[in-house]
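Could you put the whole structure together from the sequences, leaning on the hints where they help?
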Amino acid sequence: MFNSDPHWLKNVITEDETWVYGYDPETKRQTSQCLEPGEPRFKKARMFKSKLKYLLITFFDVKGLNCRDLIETANNYSDFLKTIITGDETWCFLFDPQTKEQSLEWHTPSSPRKKKVRLDKSKGKVRLVVFFDYQGLVYYEFIKEGVTINKQAFKEILVRLRDAIRRKINQLFKSKQWEFLHDNAPTHRAIIVQDYLTKHSVSVLPHPPYSPDIAPCDFFFIPKLKMTLKGRRFSSSSEVIENATVDL
Numbered sequence: 001m002f003n004s005d006p007h008w009l010k011n012v013i014t015e016d017e018t019w020v021y022g023y024d025p026e027t028k029r030q031t032s033q034c035l036e037p038g039e040p041r042f043k044k045a046r047m048f049k050s051k052l053k054y055l056l057i058t059f060f061d062v063k064g065l066n067c068r069d070l071i072e073t074a075n076n077y078s079d080f081l082k083t084i085i086t087g088d089e090t091w092c093f094l095f096d097p098q099t100k101e102q103s104l105e106w107h108t109p110s111s112p113r114k115k116k117v118r119l120d121k122s123k124g125k126v127r128l129v130v131f132f133d134y135q136g137l138v139y140y141e142f143i144k145e146g147v148t149i150n151k152q153a154f155k156e157i158l159v160r161l162r163d164a165i166r167r168k169i170n171q172l173f174k175s176k177q178w179e180f181l182h183d184n185a186p187t188h189r190a191i192i193v194q195d196y197l198t199k200h201s202v203s204v205l206p207h208p209p210y211s212p213d214i215a216p217c218d219f220f221f222i223p224k225l226k227m228t229l230k231g232r233r234f235s236s237s238s239e240v241i242e243n244a245t246v247d248l
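Everything in the sequence shown is counted per the UniProt record's numbering, starting at 1 for the first residue and increasing by one.
Incorrect hints may appear among the rest.
Claimed, not checked - Subject to a maximum C-alpha distance of 25 Å in a straight line, what follows is the list of computed DSS-like cross-link-like pairs (lysine-lysine):
{"id": "1", "residue 1": "Lys151", "residue 2": "Lys53"}
{"id": "2", "residue 1": "Lys125", "residue 2": "Lys28"}
{"id": "3", "residue 1": "Lys125", "residue 2": "Lys230"}
{"id": "4", "residue 1": "Lys155", "residue 2": "Lys199"}
{"id": "5", "residue 1": "Lys144", "residue 2": "Lys114"}
{"id": "6", "residue 1": "Lys176", "residue 2": "Lys155"}
{"id": "7", "residue 1": "Lys123", "residue 2": "Lys226"}
Derived from the structure by calculation, the hints contain no laboratory data.
Take a look at the structure:
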């Protein structure tokens, strides 16, 4: 059936049931933390699901775009890519060693090779959240040290992002024709975030699994930004922020 009609899945409606608990502990992945070598590990208390629960029954069809649909839409609609706003988070370190490509040197066949000391990233770092479109930067902010980007914090970031879009790309904002693209991180898929995007009629492009090439932040914007910061030593977080802002 799929071979004769590749779009037949779009006509399928499916159903399932699940329990929704008053309290459901986070998964190990959700509670994972980035620790530097030598940092103490926090002991986590074992949590259990609450006794209060409701049975949720849902029916849904297959909507959205897959990889092939994204390509077809881009080919058939010349301005499609101009409507996309994408973003992600990354760490900016006080010191980030240069890549092997950056530290390459020209040598003659007879010249001795220099021994390179192995360098590690510094413990000091600042988190950057950045969003951009085809024209360039739309919104960015640096997160204060010690602040975790959970679902509530990410929702507040989206509030500020919408305000930036309204100010900088007012015509696109009023038309509500812009598409939002981000990865499938648990924070991005949280119900509170999805409700906010739905409330404001923000169309979210699906990020197909195992498709890292559909993440412009990871393969275009962020690597270019980090390349300018690698090999440079900064004395404080404010200095990192200042230099990263100039590069942005």
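In rising order, the numbers of the hints this structure does not comply with: Of the numbered hints, just 5 does not hold.
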